[in-house]
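**Q** Could you build all of it, start to finish, from the sequences and the hints given here?
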Amino acid sequence: MSRSRTSPSRITRFSAVVKYELLWNIRKKKFLGMIVLAFILATLSLVLPVILSNVTNQPLNQNPDYVISTGTGIGGLGFFLFAIVTVMNSISGEFESGTIVPLLTKPVSRTTIFIGKVFAAFLTLFTTYVILTGYLAIGGTIVYGAQNSLHLLPISLMGNILSTFVWIAIVLAIGSISKSSMIAALVTFGIWMGLTIASPIISMFSDQTWILHYVIGSGATGYIEGLGSPNPLIPGMPISTGTDSIATNLINYILYPSANVTFFKIGILGPGSPLLVELYTEALSLVVLRSILVATAYILVFSLISWYAFRRAQVLQ
Amino acid sequence: MVAVEFAIETNGLTKRYGPLIAVNKLNLKVKTNTIHGFLGPNGAGKTTTIKLLVGLLKPDEGTISIFGQEVVGDRPDVRLRMGYMPELPKFPKHLTGYELLDIYGKMYGLNVQERREQVPRLLEMVGLKDRGNDRIGKYSKGMQQRIGIAQALINNPELVIMDEPSLGLDPVGMVEVREIMNAIVKRGMTVFISSHLLHEVQQVCSHITIINRGITLASDTLENISNQLLGPSTLEVEVTKLTDAIVKNVKKVPFVSSISKEDNKLLIQVEKQEDVRPQVSEAVTKSGGVIVTMNLKERNLEDVFMKLIIKSKGAKTK
Ligand SMILES: Nc1ncnc2c1ncn2[C@@H]1O[C@H](COP(=O)(O)OP(=O)(O)OP(=O)(O)O)[C@@H](O)[C@H]1O
Ligand SMILES: [Mg+2]
Chain A
0 MSRSRTSPSR
10 ITRFSAVVKY
20 ELLWNIRKKK
30 FLGMIVLAFI
40 LATLSLVLPV
50 ILSNVTNQPL
60 NQNPDYVIST
70 GTGIGGLGFF
80 LFAIVTVMNS
90 ISGEFESGTI
100 VPLLTKPVSR
110 TTIFIGKVFA
120 AFLTLFTTYV
130 ILTGYLAIGG
140 TIVYGAQNSL
150 HLLPISLMGN
160 ILSTFVWIAI
170 VLAIGSISKS
180 SMIAALVTFG
190 IWMGLTIASP
200 IISMFSDQTW
210 ILHYVIGSGA
220 TGYIEGLGSP
230 NPLIPGMPIS
240 TGTDSIATNL
250 INYILYPSAN
260 VTFFKIGILG
270 PGSPLLVELY
280 TEALSLVVLR
290 SILVATAYIL
300 VFSLISWYAF
310 RRAQVLQ
Chain B
0 MVAVEFAIET
10 NGLTKRYGPL
20 IAVNKLNLKV
30 KTNTIHGFLG
40 PNGAGKTTTI
50 KLLVGLLKPD
60 EGTISIFGQE
70 VVGDRPDVRL
80 RMGYMPELPK
90 FPKHLTGYEL
100 LDIYGKMYGL
110 NVQERREQVP
120 RLLEMVGLKD
130 RGNDRIGKYS
140 KGMQQRIGIA
150 QALINNPELV
160 IMDEPSLGLD
170 PVGMVEVREI
180 MNAIVKRGMT
190 VFISSHLLHE
200 VQQVCSHITI
210 INRGITLASD
220 TLENISNQLL
230 GPSTLEVEVT
240 KLTDAIVKNV
250 KKVPFVSSIS
260 KEDNKLLIQV
270 EKQEDVRPQV
280 SEAVTKSGGV
290 IVTMNLKERN
300 LEDVFMKLII
310 KSKGAKTK
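Top line first, the protein sequences correspond to chains A and B.
So that you can map any letter, position 237 of the first sequence is 236 in numbering that gives the first Met the number 0, and since no number is skipped, the others follow by simple counting.
So that you can map any letter, position 3 of the second sequence is 2 in numbering that gives the first Met the number 0, and since no number is skipped, the others follow by simple counting.
If you're looking for bench data, these hints aren't it; they were derived computationally from the structure.
Hints should not be assumed to be uniformly reliable.
Residues of chain B placed beyond 10 Å of chain A at every Cβ, according to the derived structure [unchecked claim]:
1) K50
2) P85
3) M106
4) E123
5) T220
6) E270
Calculated pairs, BS3-like style, for lysine-lysine (alpha carbon to alpha carbon, straight line, at most 30 Å) [to be verified]:
7) A:K18 x B:K89
8) A:K18 x B:K128
9) B:K89 x A:K28
10) A:K18 x B:K137
11) A:K29 x B:K92
12) B:K92 x A:K28
13) B:K57 x A:K18
14) B:K140 x A:K18
15) B:K128 x A:K27
16) B:K140 x A:K28
17) B:K137 x A:K28
18) A:K29 x B:K57
19) A:K28 x B:K128
20) A:K29 x B:K140
21) A:K27 x B:K137
22) A:K27 x B:K89
To give an idea of the chain A side of the interface with chain B (calculated C-beta under 10 Å), a few residues [as the list claims (entries may be wrong)]:
23) L80
24) S96
25) I99
26) R289
The beta-carbon is built from N, C-alpha and C at its ideal position, and this holds for glycine as well.
**A** Pasting the structure below:
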């Protein structure tokens, strides 16, 4: 009796919340389905070129950069989808199912519960991405021969997690304000869809592409001159500056530390006017640093919003 | 530990849902080591009050003290001493009963050893020993209710708050719940249990508070409430011929407070719930009367409870 009155250590409470949350994630059908789908796609992307080369009798070229340029193999859509399936229910779902009632009346502060949920999401995502990256690394080596820069994979991994967490923070914020998983998923989907359509258009036609450096998702498209496949229409290797491209840009930066990125817009076609109008050039290092800071800022702001909403939430049911 | 007189004390506790006042200036006092029943019809404000007590809702006005400590905001340290069983509790469907109790126990800071002892003991107590390894998603309503009772006791709390614990239980389950209540109070716990069924509360509680429309109608020991509410009972005696001598003699019978006449009938008001039928019959016979019928209009607590509530409803709607 007397010991139950002594305050349980923070670690014990925290690990209880994390376990509670992890079991939830692991047993979630949506989540399992997502992982299975990711592995099917990864397998297809590895196996299809092999099949094609057999059918066409054209030998598959060795590509020593396949693994490092592929990473987890998932891009903007993948980050968004993984964010949705990982945390779509983790706060709002508890309100919807009523399980929030017994949870919030346990001697664990709401802040601990919130941090525990975010941490569990991190663990889930981290594990999934590690396995996915490992799978593609092994598969890539088998299909495309010995690989370069494999030691950079952890950096790529962290970049991908950072990109995904921007979406996670958004889903959590909308979920804890609306207390509805459906609204959280739909509004986030709307944001993703809007940005995915708007970003390339702004990037192509506007003088103000710099705005896109501060926007979630794909951001603006720039080109690293002197890299990439030579093509008279494309001025270099295309890269995106948004929060979804942190991993790719980080790897490029490490491989080509002094690279510069040039931004263009499409000019009005007319006599004498060039197709691409050069807007400005900046260092790749700046692009990378900025996208990391922007992503971190979004994560912090949206997490604070959801933490605040969660702390203040009343359980009306 | 200084002994605190009240496990729960609220002062002017008020909660509104828009224009509706669900809890209205409630002053609730629950003595430590008592079983306190919280009675009221559907929509009386019981669940709202309880949600305020456990911190799921924030009061619009008034204060709440648990064990003499005023509770404001998120207070895990206060919850450490409490167990709470929600009304129709919902638990994560993907967990087994055992896992649920284990994780909740961990949240209370119980170590592995303590949980290994406590969890099977509680599962057995609520009759879920054989179903501990089934997922809660497969539990029936009554089984969810039972696991709800178990999780409210996982930390050997000093104060247990239960919101309609026997909702959805079969008659055997209801008796079991009653036995559990009695057992935990013997261990020195304070139990606060809400119900809309008077007879349920009557059998286990030493104190009751009756509310309706968020307002306290009565709050006292069960005994005082019974006496107070039941008030005088009426004995109706019909005789062949009503004489003044009969009236005079009956008036002398102890506990008789007043008498009125109605044809050949005597309506005798008796203080409290004393049974004065033998004495009245003797007095009538002694005065030369012959009793045709004798009818004790007994009022049970249930009727009074109903009347009290109907009265308070009438008062409001006027
Ligand atoms: N979330 C809510 N929004 C608006 N009104 C509510 C809400 N919850 C409860 N109420 C209202 O508050 C009043 C009190 O409800 P409460 O649930 O506290 O009653 P109760 O005594 O527990 O009833 P029952 O015996 O049916 O469980 C009712 O009039 C109810 O309609
Ligand atoms: Mg209720």
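**Q** Each hint needs a verdict: does it hold in this structure or not?
**A** Evaluation of the provided hints:
Its closest Cβ contact with chain A, about 7 Å, brings K50 (chain B) to no more than 10 Å, contrary to its assignment away from the interface. Look at P85 (chain B): its CB is around 5 Å from the nearest CB on chain A, not clear of 10 Å, so calling it non-interface is violated. Once the 10 Å rule is applied to beta carbons, M106 (chain B) is inconsistent with being away from chain A; the minimum gap is 4 Å. For E123 (chain B), the non-interface assignment is confirmed: its Cβ lies about 20 Å from the closest Cβ of chain A, beyond the 10 Å cut-off.
With a minimum CB-CB distance of about 27 Å to chain A, T220 (chain B) clears the 10 Å threshold, and the non-interface call stands. Every beta carbon of chain A lies more than 10 Å from that of E270 (chain B), the smallest distance being close to 46 Å; the non-interface claim holds. Restraint check for K18 (chain A) and K89 (chain B): satisfied, since their Cα atoms lie roughly 19 Å apart, inside the 30 Å limit. Simply put, K18 (chain A) and K128 (chain B) have alpha-carbon atoms about 23 Å apart, close enough for the 30 Å limit, and the pair holds.
Of the supplied pair hints, the one linking K89 (chain B) and K28 (chain A) holds, its CA atoms being roughly 20 Å apart against a limit of 30 Å. For the suggested pair K18 (chain A) and K137 (chain B), the alpha carbons sit about 21 Å apart, so the restraint of at most 30 Å is met. For the proposed pair K29 (chain A) and K92 (chain B), the alpha carbon gap of about 15 Å is at most 30 Å, so the pair holds. Pair hint K92 (chain B) plus K28 (chain A) holds up; C-alpha atoms about 13 Å apart against a cutoff of 30 Å.
Proposed proximity of K57 (chain B) and K18 (chain A) is supported: the alpha carbons are some 29 Å apart, at most 30 Å. Our distance criterion of 30 Å between C-alpha atoms is met by K140 (chain B) and K18 (chain A), whose separation comes to about 26 Å. The straight-line distance between the Cα atoms of K128 (chain B) and K27 (chain A) is roughly 26 Å, inside the 30 Å bound, and the hint therefore holds. With a C-alpha separation of about 24 Å, the suggested pairing of K140 (chain B) with K28 (chain A) holds against the 30 Å cut-off.
Between the alpha carbons of K137 (chain B) and K28 (chain A) the distance comes to roughly 17 Å, so the proposed pair stays at or under 30 Å and holds. For the given pair, K29 (chain A) sits about 35 Å from K57 (chain B) by alpha-carbon distance, which is inconsistent with the 30 Å threshold. Between the alpha carbons of K28 (chain A) and K128 (chain B) the distance comes to roughly 28 Å, so the proposed pair stays at or under 30 Å and holds. Between K29 (chain A) and K140 (chain B) the alpha-carbon distance is near 26 Å, which keeps this suggested pair within the 30 Å criterion.
At roughly 16 Å between alpha-carbon atoms, K27 (chain A) and K137 (chain B) fall within 30 Å of each other, so this suggested pair holds. Under the criterion of a C-alpha separation no larger than 30 Å, the hint pairing K27 (chain A) with K89 (chain B) is consistent with the structure, at around 17 Å. About 21 Å separates the beta-carbon of L80 (chain A) from the nearest beta-carbon of chain B, more than 10 Å, and the hint is not met. Given the 10 Å rule on beta carbons, the hint for S96 (chain A) holds: about 6 Å separates it from the nearest Cβ of chain B.
A distance limit of 10 Å between C-beta atoms decides the matter here; for I99 (chain A) the minimum to chain B is near 8 Å, and the interface restraint holds. Taken as an interface hint, R289 (chain A) does not check out: its beta carbon lies about 37 Å from the nearest beta carbon of chain B, beyond 10 Å.
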